[in-house]
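Undergrad: Chain by chain, the residues run as shown.
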Amino acid sequence: MAIRRSPELKREARRTHRARHYSARPLFRLGISGLAAWLTWIIASRTGHLNSALVFIGIWLFGWISILVQSLAHQLYLSPDLAAFSLLPIEGRVVLRRQIEKFLRGATWLLMDSLAMLGTLAWFAEIPFPQWIAILPIAVFAWLSTLALVSLAMVYLPWLPYPLLTTAGTFALFVLFVAHSLVGPALLAGLDASAGTLRLLLPTAWPVFLFRLLLPNPSWFELLFLLPSAALVVTLRQTYSRVAGGYEFSEAIQDESSDILPEEETSIATAHPDAPLRVGLTAIEEVVQTRRFLAAVSWPKAGWLEARLWQWLNARERKLAEFAFPHSIEITKAWKKVFQHLAIGLAIGFALGWVNPTVSFWVMCAAMLLPALRVAACFYGNGRAFSPVFCSGVNIQLYAVYPIGYRDLSHVLFKYSFVQLPLVVGFLIVCGLVTAYLFRWQFPLGALLGFKTAFLLAALRLIFVALAFSSGTNDSTRL
Amino acid sequence: MKIELRAVTKSYRSTRALSRVSLEISPGQVISLLGPNGAGKTTLLRCLAGIAAPDSGEIYLDDQEFRRNRMEQRQRIHTLPDFPFLFWDQTILRNLAIILRLYDADGAGAEGRVLELLREFDLLPLALRPVQTLSRGQAYKAGLVAMIAADRDIWLLDEPFASGMDPHGIDAFKRHARAAASRGRTVLYSTQLLDVAERFADRVCVIHKGEIHAFDTLDRLREQARDKHNVLEEMFRQLREVP
Numbered sequence: 001m002a003i004r005r006s007p008e009l010k011r012e013a014r015r016t017h018r019a020r021h022y023s024a025r026p027l028f029r030l031g032i033s034g035l036a037a038w039l040t041w042i043i044a045s046r047t048g049h050l051n052s053a054l055v056f057i058g059i060w061l062f063g064w065i066s067i068l069v070q071s072l073a074h075q076l077y078l079s080p081d082l083a084a085f086s087l088l089p090i091e092g093r094v095v096l097r098r099q100i101e102k103f104l105r106g107a108t109w110l111l112m113d114s115l116a117m118l119g120t121l122a123w124f125a126e127i128p129f130p131q132w133i134a135i136l137p138i139a140v141f142a143w144l145s146t147l148a149l150v151s152l153a154m155v156y157l158p159w160l161p162y163p164l165l166t167t168a169g170t171f172a173l174f175v176l177f178v179a180h181s182l183v184g185p186a187l188l189a190g191l192d193a194s195a196g197t198l199r200l201l202l203p204t205a206w207p208v209f210l211f212r213l214l215l216p217n218p219s220w221f222e223l224l225f226l227l228p229s230a231a232l233v234v235t236l237r238q239t240y241s242r243v244a245g246g247y248e249f250s251e252a253i254q255d256e257s258s259d260i261l262p263e264e265e266t267s268i269a270t271a272h273p274d275a276p277l278r279v280g281l282t283a284i285e286e287v288v289q290t291r292r293f294l295a296a297v298s299w300p301k302a303g304w305l306e307a308r309l310w311q312w313l314n315a316r317e318r319k320l321a322e323f324a325f326p327h328s329i330e331i332t333k334a335w336k337k338v339f340q341h342l343a344i345g346l347a348i349g350f351a352l353g354w355v356n357p358t359v360s361f362w363v364m365c366a367a368m369l370l371p372a373l374r375v376a377a378c379f380y381g382n383g384r385a386f387s388p389v390f391c392s393g394v395n396i397q398l399y400a401v402y403p404i405g406y407r408d409l410s411h412v413l414f415k416y417s418f419v420q421l422p423l424v425v426g427f428l429i430v431c432g433l434v435t436a437y438l439f440r441w442q443f444p445l446g447a448l449l450g451f452k453t454a455f456l457l458a459a460l461r462l463i464f465v466a467l468a469f470s471s472g473t474n475d476s477t478r479l
Numbered sequence: 001m002k003i004e005l006r007a008v009t010k011s012y013r014s015t016r017a018l019s020r021v022s023l024e025i026s027p028g029q030v031i032s033l034l035g036p037n038g039a040g041k042t043t044l045l046r047c048l049a050g051i052a053a054p055d056s057g058e059i060y061l062d063d064q065e066f067r068r069n070r071m072e073q074r075q076r077i078h079t080l081p082d083f084p085f086l087f088w089d090q091t092i093l094r095n096l097a098i099i100l101r102l103y104d105a106d107g108a109g110a111e112g113r114v115l116e117l118l119r120e121f122d123l124l125p126l127a128l129r130p131v132q133t134l135s136r137g138q139a140y141k142a143g144l145v146a147m148i149a150a151d152r153d154i155w156l157l158d159e160p161f162a163s164g165m166d167p168h169g170i171d172a173f174k175r176h177a178r179a180a181a182s183r184g185r186t187v188l189y190s191t192q193l194l195d196v197a198e199r200f201a202d203r204v205c206v207i208h209k210g211e212i213h214a215f216d217t218l219d220r221l222r223e224q225a226r227d228k229h230n231v232l233e234e235m236f237r238q239l240r241e242v243p
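The listed protein sequences correspond, in order, to chains Z and L. Going by this note's numbering, the first residue of the first sequence is number 1, and it counts up by one from there. Going by this note's numbering, the first residue of the second sequence is number 1, and it counts up by one from there.
One or more of the hints may lead you astray.
As the list claims (entries may be wrong) - Partial pick of chain Z residues on the chain L-facing surface, computed with a CB cut under 10 Å:
#1 P7
#2 K10
#3 R14
#4 S257
#5 W312
#6 R316
#7 P326
#8 C391
#9 S392
#10 V394
#11 Y399
#12 Y406
What the hints assert, rightly or not - SDA-like mimics (lysine to any residue), calculated; alpha carbons at most 20 Å apart, straight line:
#13 L:K209 x Z:G393
#14 Z:K333 x Z:G393
#15 L:K209 x Z:V425
#16 L:K2 x L:D89
#17 Z:K301 x Z:T332
#18 L:K228 x L:A180
Said to hold, decoys possible - Now the in silico label distances, taken between C-beta atoms and shown as ranges:
#19 L:D55 x Z:G426: 47 to 53 Å
#20 L:R67 x Z:F414: 21 to 27 Å
#21 Z:P276 x L:E116: 23 to 29 Å
#22 L:R199 x Z:P7: 35 to 41 Å
#23 L:R67 x Z:F390: 42 to 48 Å
#24 Z:L165 x L:R199: 38 to 44 Å
#25 L:R237 x Z:P276: 50 to 56 Å
If you're looking for bench data, these hints aren't it; they were derived computationally from the structure. These numbers come from a predicted model, not from an experiment. Backbone N, C-alpha and C define an ideal beta-carbon position, used for all residues, glycine too.
When you get a sec, could you build the whole thing from the sequences and use the hints?
TA: Printed below as a string of structure tokens:
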């Protein structure tokens with residue numbers, strides 16, 4: 001604010017900004033906008049229906065909601081700037097405005113996406129050039145509606161698992177990218193068939209369909225969608241007031257933790273729920289003197305897979321496994337849940353097939369996708385050894401300070417993953433067979449696809465360990 | 001364990017943190033690494049710990065070239081950065097167990113050492129609490145207890161006197177560091193506090209802009225100085241005049 005008011009400070013700021021560092025990020029984001037436009041063109045040309053492409057734009061905008069909710073929540077409540085602002089004599093509303101401005105700068109790329117996609121569609125539909133000017137308000141309107149949904153989701157649905165939804169979406173895109181020749185045509189047909197329903201269901205598609213007013217012989221029925229879309233945009237003001245009302249700095253005070261005995265690995269329950277339980281000095285002395293604190297880890301007894309992993313690790317690797325996973329290693333239980341969820345999801349999907357095949361299709365896709373995320377988390381787990389610790393200007397990974405080599409550590413992580421490989425193969429073969437059923441392929445082809453994907457995932461393990469290493473440090477001399 | 005640095009150079013982008021540093025440190029000494037902010041003290045400690053690799057030059061430990069992937073060498077070094085690298089959601093005892101096992105120092109007698117140290121550093125009542133619930137000074141003490149209990153040949157400490165420890169903890173650290181040096185260990189710590197360096201070091205290593213300006217006992221440094229009572233202060237004044 002002070003900079004804006006003072007011409008001298010403005011000049012100074014301009015001088016400083018001249019020597020800015022350039023990043024490839026805008027170029028990358030521009031590439032994504034280009035990809036969105038290209039996909040719009042493909043959908044419009046392959047289906048021959050503008051509605052399918054317009055629904056795709058609605059899906060694209062809707063897909064960004066979970067990412068933007070996280071970004072907005074981070075800017076408002078978790079940004080590192082906030083700690084500095086809390087020490088300065090700045091009013092909360094000024095900070096709020098600044099953080100929202102920062103969020104909006106990032107979210108402008110979504111407006112770019114809308115413009116690119118609607119522009120492509122205008123090109124495809126051969127709309128006369130003077131009418132192109134109308135694309136801008138439609139895109140802005142669609143963008144504002146999306147932002148309204150983002151704010152509503154952050155304020156009223158903060159409990160939704162946004163990171164999980166984002167990961168699921170990214171994973172689905174990856175699958176689509178890898179297997180586009182197999183699943184692409186079926187998905188396109190599905191999108192084309194359900195465009196009519198989706199345009200009603202997706203709030204982000206409502207303003208996008210105003211595009212149809214630019215076509216020859218427009219149906220003024222489209223104007224009906226102006227009403228709910230405008231209502232959405234109006235909520236922006238209310239959600240802003242709501243956020244502003246509670247936007248105050250407050251010190252985060254952690255609850256006092258109870259003492260944790262070595263073999264329990266959880267806090268001791270207390271008779272009084274508010275009071276943390278304390279172990280007496282004599283008891284602590286006993287824990288040390290009897291070497292209970294040095295007792296071997298208990299996770300190898302947790303299940304069959306854990307026991308196999310323990311047998312596979314040598315004495316040194318067992319120590320490193322304890323370092324990498326200081327809490328515990330839990331594989332068997334996680335895999336039981338994976339197969340349980342898969343079985344329940346597929347059973348529901350098959351049962352729904354009798355009622356509505358389209359719903360059954362999507363339920364079965366979700367039944368495979370959600371356990372797949374758990375599989376990925378379990379298979380690619382790196383534990384805590386690569387956790388970055390900021391230390392005198394450099395992020396150093398936890399393991400680097402101790403006598404642990406990267407090679408040693410990666411051996412442990414590979415063994416941790418490869419002990420799960422037979423289960424990954426089994427899971428993906430089941431998924432391959434279900435996919436074959438859904439897309440009417442031959443079953444051996446589905447099984448082969450699952451088998452190949454399992455080994456592709458195993459190969460990716462090597463890359464992910466290297467990425468975990470390089471992403472945890474900003475000291476490029478260590479790479 | 002003898003430490004030898006031969007023309008060690010290390011840069012971070014355009015900043016030269018260490019410039020052809022050569023040093024020879026005999027075992028059984030407490031050495032104070034002294035220098036103003038950004039002098040290269042932490043970088044020197046990191047190179048010795050194997051956390052950062054020098055751009056050029058070599059480090060020798062007992063006449064064997066030191067490499068980050070030689071675990072038998074790194075097993076003999078224990079580093080304590082200015083903020084201890086611990087698992088913050090784990091208890092002090094759990095952290096101690098993990099670190100002692102990593103250094104193969106969990107054999108018979110470890111329990112007695114740990115108990116004694118926890119008492120000495122006033123950590124016994126807190127031993128079963130997660131590190132994240134402790135104050136900065138207490139967390140540093142926990143790291144220090146691990147270092148003393150593991151008792152490696154080389155102790156590297158970054159700013160232990162600016163770690164938030166209380167005077168009792170600082171006193172206990174000095175006692176243990178002195179005892180370790182008498183057992184043949186090398187204790188190398190960085191500081192900016194002149195009076196600390198003056199009172200608690202067998203040798204002082206003055207570093208400025210990545211170069212070693214002095215490395216000697218305080219008595220020898222006094223002999224060369226004009227102001228015999230404020231030898232380090234005089235040296236610091238001179239360093240400020242270095243372009």
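Undergrad: Let me make sure I understand: some of the numbered hints might not hold for this structure. Which ones are they, in numerical order?
TA: Failing hints, ascending: 1, 2, 3, 5, 14, 15, 16, 18, 22, 23, 24.
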